[in-house]
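Trainee: Listed in order, the protein sequences are those of chains C and X. Numbering-wise (the working numbering), the first sequence opens with residue 8 and increments by one. Numbering-wise (the working numbering), the second sequence opens with residue -17 and increments by one.
Accuracy of the hints is not assured; some may be wrong.
To be verified - Derived BS3-like pairs (lysine-lysine); straight-line CA-CA distance at most 25 Å: (1) 237/C - 128/C; (2) -2/X - 9/C; (3) 30/C - 180/X.
Simulated from the structure, these hints should not be mistaken for laboratory data. Keep in mind that this is a model prediction, so the values were computed, not measured.
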Amino acid sequence: MKPDLFQAPDYYNLDELLTEEHKLVRDAAREWVKRDVSPIIEEYAQRAEFPEQIIDGLAGIGAFGPYIPEEYGGAGLDQISYGLIMQEIERGDSGVRSTASVQSSLVMYPIWKYGNEEQRKKYLPKLASGEWMGCFGLTEPDHGSNPGGMTTNFKDMGDHYLLNGAKMWISNAPFAQVAVVWAKNEEGRIHGLIVERGMEGFSTPETHNKWSLRASATGELIFDNVKVPKENLLPNKSGLGAPLGCLDSARYGIAWGAIGAAMDCYDTALRYSKERIQFGKPIGGFQLQQKKLAEMITEITKAQLLTWRLGVLRNEGKATSAQISMAKRNNVAMALDITREARQMLGGMGITGEYSIMRHMMNLESVVTYEGTHDIHLLITGLDITGLNAFK
Amino acid sequence: MKILVCISHVPDTTSKINFTEGDTKFDTNGVQFVINPNDEFGLTRAMWFKEKQSASVDVVNVGGAETEPTLRKALAIGADKAIRVNAEATDGFFVAKQLAAVVKDGGYDLVIAGRESIDYNGGMVPGMVAELTGANFVNTCIGLEVDGTSATAVREIDGGKETSNTSLPLVIAGQKGLVEESDLRIPNMRGIMMARKKPLTVIDAVDAAKETTAVKFEKPAPKGAVKLVDADNIDELINLLHNEAKVI
Ligand SMILES: Cc1cc2nc3c(=O)[nH]c(=O)nc-3n(C[C@H](O)[C@H](O)[C@H](O)COP(=O)(O)OP(=O)(O)OC[C@H]3O[C@@H](n4cnc5c(N)ncnc54)[C@H](O)[C@@H]3O)c2cc1C
């Protein structure tokens, strides 16, 4: 792969909206991605392997639970710092960002928000340091966009719960030590349970042959009469709102992350367009190529403003789920469009692993699907503005 | 051992260079600033002395408030304390006077500066600080060991290296070689969190005249078009060099 010459676009001087600490956090993540992710990621993606050696580095830059309070091993940062870290990681690879999103928003967040003090003390510091990796089991083979229909269930056996069912498409599943699993009790109410690797009847087969997020491990979670200790139930929230609260946090991070992938493709295409000569001049001098580049930077700038404002709202505790849906949907679609245009600008070179564009493009096919598909987020906006439910 | 690392706040090497105010001032609009690379090698070496020989490491910069993120980064990398002398750093002698005052005030044993800053490339400050504080001086330093009050410094010389023994107090003007690029540190989250609590003291400049002022900056002339001559056509090449370029 070519050396990483990335230069971040900031067309509207948005850096002026950031604090000194935001920039310090972001620049550290940016430097780390350049040094430790860019040189190896293409090879791991080609081999469809998660680069486990970067876990320490991810923990080092604060990618695991940046907004979790310091007393639980987090960094106690605000939501904009969290977003900026996700942006920088996804600039490198959406698969690596997925690993960090899951750990932070889908594993640490529910333990912090819905768990009790013993659970927080037991799990959060080890998850923040990367000593333990976690996964989040919501989706099932027959329940994707409609998680409320889940059939995974647990029974109260007096001194423990008995868990049965299966989850599918679970990021980090093949190597996670800890799984936050959503299942229904005997009354049909959804609760979160912490399932640990090694519990009898719990297995995590890997999903192979993905064309997307190849550097992230995906798998199933299978529960065959798993005895889960009672103290592993998350006591402080139940119902579908509990997993959806985690998704708000993750989707927010994805809205930032997608900008990272888009910036990387734009930057690559811009540089290539100045160097590649056809018909006696750089291809960047042709109007059709300029249209692509000009539209890319316009869309990136709009997305940056959207997420910055959303971050301010989240810091104030005022961002609604529907506002987060809008940003996730807009920014991922924006990034996907940019990858496709940028790929064309590189001609044949655009399809090779010499450049990151096609890897980003394939990755974003998952990102546009998980955490609520593109269509589902549109229905969320539709419901929010009309008050009419078009889901069913 | 008390170490002071002098940190310049300089434009990133990929920045677009432009000037304002009738070509007398650098245009900072949209420019990213970083720790001067030569200083970063020195800071990293200082971290080694801190970790292996329990040295204390302070960092200092002469500059306006806009340079504080650079000092904060040095704190996040591991420096104990930062000092900013609140003055515009336009003149080498003026800056050296300020740094010398900080060195005397803090009683530092070792001052690590960079061979030159990559913005104005003056390369004068470290030698002047040594003179003003009465310390020994090693220029273009690519290796440094300290044992008690004696020091061994390696210096780059034309086509080779020179190793010399000297003693503290010492000022070095360092560069790559003090440590390698792969040794440079990216601040981690713990470091960034700790840096929040570390002191960054702002002090007033001591009286010192500015001995120079920039009259004008000019960018190199843009490169002209290239004429390619076939490798077999030496006569044509000689003709062009003689009659057109007029260099032979
Ligand atoms: C790589 C990867 C990693 C993942 N990681 C995780 C994870 O860690 N944890 C986890 O729980 N899940 C994870 N998922 C699952 C992901 O969240 C689901 O794939 C997603 O929610 C969509 O569900 P589905 O695949 O079953 O598609 P379906 O729900 O079957 O949707 C198929 C199509 O129908 C559309 N559709 C569905 N309902 C409606 C409707 N009412 N109106 C209009 N259109 C509709 C959808 O938009 C979509 O286009 C991951 C998925 C992938 C690909």
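Trainee: Between residue 237/C and residue 128/C, is the straight-line Cα distance small enough, at 25 Å or below?
Mentor: 17 Å, holds
Trainee: Is residue 30/C close enough to residue 180/X, meaning Cα to Cα at most 25 Å?
Mentor: OK: residue 30/C and residue 180/X at ~18 Å, within 25 Å.
Trainee: Take the C-alpha atoms of residue -2/X and residue 9/C, compute the straight-line distance between them, and say whether it is at most 25 Å.
Mentor: With Cα atoms ~23 Å apart, residue -2/X and residue 9/C stay inside 25 Å; holds.
Figure legend: structure checked against the earlier numbered hints; every hint is met.
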